[in-house]
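There are 2 protein chains.
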Amino acid sequence: MEEDLYSIGEMAKLANLSVKTLRYYDQIGLFKPAYVDPKTNYRYYVDSQLFQLDLIQPLKAVNTPLQEIKLAQDLSSNELYDFLSRQELKIQQQIKVLQDAEKSLSHVKKNICFSERYTELNKVIIQEEGESCIVQMRAEGISTQNVMTKSYSQLKRISEATDGFLNNGYGATFSFQNYASAEDILYRHLFIPVLTNKQTASLPTEFEITTIPAGKYALIVYEFNPEAYWESYSKLVDTIVQQQFTVLSDVYELFMPIHYSPRKPESYLVEMKIRIFN
Amino acid sequence: MEEDLYSIGEMAKLANLSVKTLRYYDQIGLFKPAYVDPKTNYRYYVDSQLFQLDLIQPLKAVNTPLQEIKLAQDLSSNELYDFLSRQELKIQQQIKVLQDAEKSLSHVKKNICFSERYTELNKVIIQEEGESCIVQMRAEGISTQNVMTKSYSQLKRISEATDGFLNNGYGATFSFQNYASAEDILYRHLFIPVLTNKQTASLPTEFEITTIPAGKYALIVYEFNPEAYWESYSKLVDTIVQQQFTVLSDVYELFMPIHYSPRKPESYLVEMKIRIFN
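Each protein sequence line maps, in turn, to chains A and B. My numbering puts the first residue of the first sequence at 1, with every later residue one more than the last. My numbering puts the first residue of the second sequence at 1001, with every later residue one more than the last.
Please note that a few of the clues may not be correct.
Said to hold, decoys possible - Here are the simulated lysine-lysine pairs, DSBU-like style, with alpha carbons at most 35 Å apart:
(1) A:K103 - B:K1013
(2) B:K1070 - A:K60
(3) A:K90 - B:K1020
(4) B:K1032 - A:K109
(5) A:K123 - A:K110
(6) A:K32 - A:K13
(7) B:K1110 - A:K103
(8) A:K123 - A:K90
(9) A:K70 - B:K1090
(10) B:K1032 - A:K70
Think of the hints as simulated: they come from the structure by calculation, not from any bench.
Modelling step: build the complete structure from the supplied sequences, incorporating the hints.
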């Protein structure tokens, strides 16, 4: 077969590579010109070399070191087949990591939107809320004084196992009562929001996937500090008593970080809400 | 809220990071212990710091430089939202690159399997073949003498645009006739195999997606050299004439690289086949 000769510039265009890259590939012996003019030292390529790029380009796209690609070129068919199968597995793992990261960042974004939704703080409002899914665990002896314990790490691990990363705040529930002070409040459950209420058989028995039902809620949002906690709960109780609402659920509490900087004091928005009937 | 203190080892376990990484994060101010014992210099962490990792971990998973993550921590909500949206786009592009590379490598693998399927070379066999999809273009004035021209680069670019990378050999068709010599053979079409025969509206008019139909074929496979080409075609003609087969198609020729090494002479297996009725 007679073949056209391509200059390095033409080959660069055909192969979608830079001239500099082609020179480097030649230097390390990965992809060499078919012909070098002995007078001018110009490199010339032929079209039938293009198939070599079928192996080089995708391996390079997945960050295989060039020396490893060079070794792969010289493998026997069987060895190359096995090598490529291993590369495919690696790629699938890389894709999984990226997909999980994307999900996780999209939840940080949702969290930002969520924080911005509250224009009015420290005031009880009555509103309809949609259903949301959570994974929860019983909170044995956990009070407002020690809620931020490693329990959340466990919940996060569970939610990651069931549905990738999810960073949408940290929640807790307690029964609606007339407490004497914040110290008396004992949590019933700790929870974190998840995307789905699909049951997974593999979930350890101490964890439960459930929903915060849709309905009418009395709701207050405040920036966390120990005094604001008790104040806000008292406002919620006062509203319910004064307006004679019937209470249909526990109190749901959700902590959401206001920022992610370790260089500012930690600060959270807390949403406290209870389902009502009126 | 009272909080438990974790040693650096405990925090490493909770966060799924190494102690060395946590020390480095402290050093560069990305993730700092809540408390350092002034006597022992031991670092202590608290659980409420964990949410900071919600931002750090996924950004790190997509290779965001640590200094850039540090800058992201201090962005305002709106800025952080926009930053994360840009990261998500980048991640989606990275996933696309990986998926294309995976497809491409899986086709190199298929090619290897394909080459290994031929145990008997240089002999005409009659066999049933399944349907396969190709993208083809008219071969104006291209003969066996100059087939490996940049036309294949064009076809490859088309197939990449329609269905990701595809490296499954290089094909051509010509009409079945009694030629005087190989020089007289003029190709009708050049083609490359593709995964799907789904028509795409965006395909330039000179290209066509079609199929090599299923049916009975007379087929010969040989290792390419100019003499073998003519010899093999002659064997195919002889068989068809002697066994009085009716010819139902053009001759399909498919070149498949035997290896991908630039350090060995280029070598191809060529499959030449024609659909018959008997």
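A quick look at each hint next to the structure:
no.: 1; hint: A:K103 - B:K1013; in the structure: holds (23 Å)
no.: 2; hint: B:K1070 - A:K60; in the structure: holds (30 Å)
no.: 3; hint: A:K90 - B:K1020; in the structure: holds (26 Å)
no.: 4; hint: B:K1032 - A:K109; in the structure: holds (23 Å)
no.: 5; hint: A:K123 - A:K110; in the structure: holds (23 Å)
no.: 6; hint: A:K32 - A:K13; in the structure: holds (16 Å)
no.: 7; hint: B:K1110 - A:K103; in the structure: holds (33 Å)
no.: 8; hint: A:K123 - A:K90; in the structure: violated (52 Å)
no.: 9; hint: A:K70 - B:K1090; in the structure: holds (29 Å)
no.: 10; hint: B:K1032 - A:K70; in the structure: violated (43 Å)
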